[in-house]
Amino acid sequence: MSGQVLCAVKMAPFSAPVRLPPQPDTRQQEMSRQLKDALESVIVLEKFPKSQIDVYVTVIEDDGSLLGACITAAGLALCHANIDVYDLVVGASVLFRGDVLYLDPRREEEEVSDNNQLTIGMIPKHAGGQIALMVQRSGQVAPQCLSECLNAAVDLCNRLHSLAQKTLLVHLQETLAHSSSSSSSP
Amino acid sequence: MTSLQVWRTFEPDSYYKTFLEHSKRPDGRGLSNFRPINIKVGTVTTAEGSATVRLGHTTVMCGIKAEIATPTLRHPDEGFIVPNVELYPCCSPMFKAGPPGEKAIGLSQFLKNVITSAEVLLPSDLCIAPNKFAWCLYCDVVCLNYDGNLYDASLIALMAALQNVLLPEVSYDEESEKATVSPERTLPLKLKRRPVSSTFTMYSDSIQLVDPTAEDEEQGSGEVTVVLLEDGSLCTIHKPGGHSIVSDFLDKFINLARKRVKLVNSAICKALAERKV
Numbered sequence: 001m002s003g004q005v006l007c008a009v010k011m012a013p014f015s016a017p018v019r020l021p022p023q024p025d026t027r028q029q030e031m032s033r034q035l036k037d038a039l040e041s042v043i044v045l046e047k048f049p050k051s052q053i054d055v056y057v058t059v060i061e062d063d064g065s066l067l068g069a070c071i072t073a074a075g076l077a078l079c080h081a082n083i084d085v086y087d088l089v090v091g092a093s094v095l096f097r098g099d100v101l102y103l104d105p106r107r108e109e110e111e112v113s114d115n116n117q118l119t120i121g122m123i124p125k126h127a128g129g130q131i132a133l134m135v136q137r138s139g140q141v142a143p144q145c146l147s148e149c150l151n152a153a154v155d156l157c158n159r160l161h162s163l164a165q166k167t168l169l170v171h172l173q174e175t176l177a178h179s180s181s182s183s184s185s186p
Numbered sequence: 001m002t003s004l005q006v007w008r009t010f011e012p013d014s015y016y017k018t019f020l021e022h023s024k025r026p027d028g029r030g031l032s033n034f035r036p037i038n039i040k041v042g043t044v045t046t047a048e049g050s051a052t053v054r055l056g057h058t059t060v061m062c063g064i065k066a067e068i069a070t071p072t073l074r075h076p077d078e079g080f081i082v083p084n085v086e087l088y089p090c091c092s093p094m095f096k097a098g099p100p101g102e103k104a105i106g107l108s109q110f111l112k113n114v115i116t117s118a119e120v121l122l123p124s125d126l127c128i129a130p131n132k133f134a135w136c137l138y139c140d141v142v143c144l145n146y147d148g149n150l151y152d153a154s155l156i157a158l159m160a161a162l163q164n165v166l167l168p169e170v171s172y173d174e175e176s177e178k179a180t181v182s183p184e185r186t187l188p189l190k191l192k193r194r195p196v197s198s199t200f201t202m203y204s205d206s207i208q209l210v211d212p213t214a215e216d217e218e219q220g221s222g223e224v225t226v227v228l229l230e231d232g233s234l235c236t237i238h239k240p241g242g243h244s245i246v247s248d249f250l251d252k253f254i255n256l257a258r259k260r261v262k263l264v265n266s267a268i269c270k271a272l273a274e275r276k277v
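Chains Y and F supply the protein sequences, listed in that same order.
Residue numbers for the first sequence follow full-length UniProt numbering, so the first one is 1 and each next one is one higher.
Residue numbers for the second sequence follow full-length UniProt numbering, so the first one is 1 and each next one is one higher.
It should be emphasised that the hints constitute simulated quantities derived from the structure, not laboratory data.
Small disclaimer: the values here were computed from a predicted structure and weren't measured.
Keep in mind that the hints are not guaranteed to be accurate.
[Stated by the list, open to error] As a list, the in silico DSBU-like pairs of lysine-lysine whose alpha-carbon atoms are at most 30 Å apart:
1) F:K112 - F:K190
2) F:K40 - F:K259
3) F:K276 - F:K259
4) Y:K50 - F:K112
5) F:K192 - F:K96
6) F:K17 - F:K259
7) F:K192 - Y:K36
8) F:K192 - F:K103
9) F:K24 - F:K259
10) F:K96 - Y:K47
11) F:K252 - F:K192
12) F:K17 - F:K40
13) Y:K166 - Y:K47
14) F:K40 - Y:K166
15) Y:K36 - F:K96
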């Protein structure tokens, strides 16, 4: 039996313009589910038999592209926790309204009606780039339009991935420098 | 793993006790030293007032959301202040997902008691129109990282966030019975008192530790929280069970706490001033 993933996205009551009740609403449950689906395909679950990996995400402030940010945060935390993954997973969101493409939309942009939002979670360096999660919500979209959105989102993910990788590397260097200096002093 | 880590993992009690015998704690502090406080206000833009407080590794965030509500029949000219503490599983393996646990409920109640008994804010100041409209302040405290002493950290965060609140001006028209909110004109809250808490862990009859970390809390047997007002007068003593203490020690605690009140309040003022610049 390979490992299992448990995901819970919690939004702080003050994270939205209108106060959220402490009980999880459908949106939080939906995001938890989507995050779980994405992480299950990214973590090397065969390496964790008979075990469960709990991933808890706390949202402090929602200013759009929330699911994408959750995926990126979870991916970085998994790497920080030394859990085997196929690649560092990053998430990005694009919005399509009329002929305009909004990369990484803000909350005000998301709230406007008649728009399409596409959120993807992907592992850009595994097998030439693989998409782990793709969610299209609110509204209709033509297939050509969708592929254009997808290309933009993939491009965004690639940029995010290099940034996330750099962040991990800097953190590692700092930790190594810190541990070598603290072990040599006493 | 170094031998020190092995000792800590397998014999946590003797490891900890050895430190105490030398009047030190595993993080290098003396028994009556507080951890450094780091305060930032206005950290969340979706809240009317917010603050992030770090006590060593303990990190809490307080966000205040204001809503217009109808006053109760019993108190038609009073608004509401509702403190609520959320301890998510993110911050420590001690906490589980689901409905708030004992600790979170106890902490929420403690904050509520301190605010009402210290008269931090008069509920009548939150009234817009008697019997019709009043402000309801939801003060949500979220723990981001748990390393002991949540009482102090949440009260500091709550007080800093309250001082950061800007409420839009509301005018009430009696004829049409309608309230108009003007978001461009904002007013700060009128705070009357600034309570500061100091927490101590009881380890044995003769050993007490201030500002406990999670490890101190685990090793000790119960906490005492002393809440003082800015003029040094005593507001609340919270001792939910635990080891018994002699009254002399309590006097010593109160003297230590008195010094801390000025320190904490000036730290909050400094953080607020930094925000305004």
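Evaluated hints:
no. : hint            : verdict
1   : F:K112 - F:K190 : holds, 18 Å
2   : F:K40 - F:K259  : holds, 22 Å
3   : F:K276 - F:K259 : holds, 27 Å
4   : Y:K50 - F:K112  : violated, 44 Å
5   : F:K192 - F:K96  : violated, 37 Å
6   : F:K17 - F:K259  : holds, 28 Å
7   : F:K192 - Y:K36  : violated, 48 Å
8   : F:K192 - F:K103 : holds, 28 Å
9   : F:K24 - F:K259  : holds, 21 Å
10  : F:K96 - Y:K47   : holds, 25 Å
11  : F:K252 - F:K192 : holds, 27 Å
12  : F:K17 - F:K40   : violated, 35 Å
13  : Y:K166 - Y:K47  : holds, 26 Å
14  : F:K40 - Y:K166  : holds, 27 Å
15  : Y:K36 - F:K96   : holds, 18 Å
Of the numbered hints stated above, those contradicted by the structure are hints 4, 5, 7, 12, listed in ascending order.
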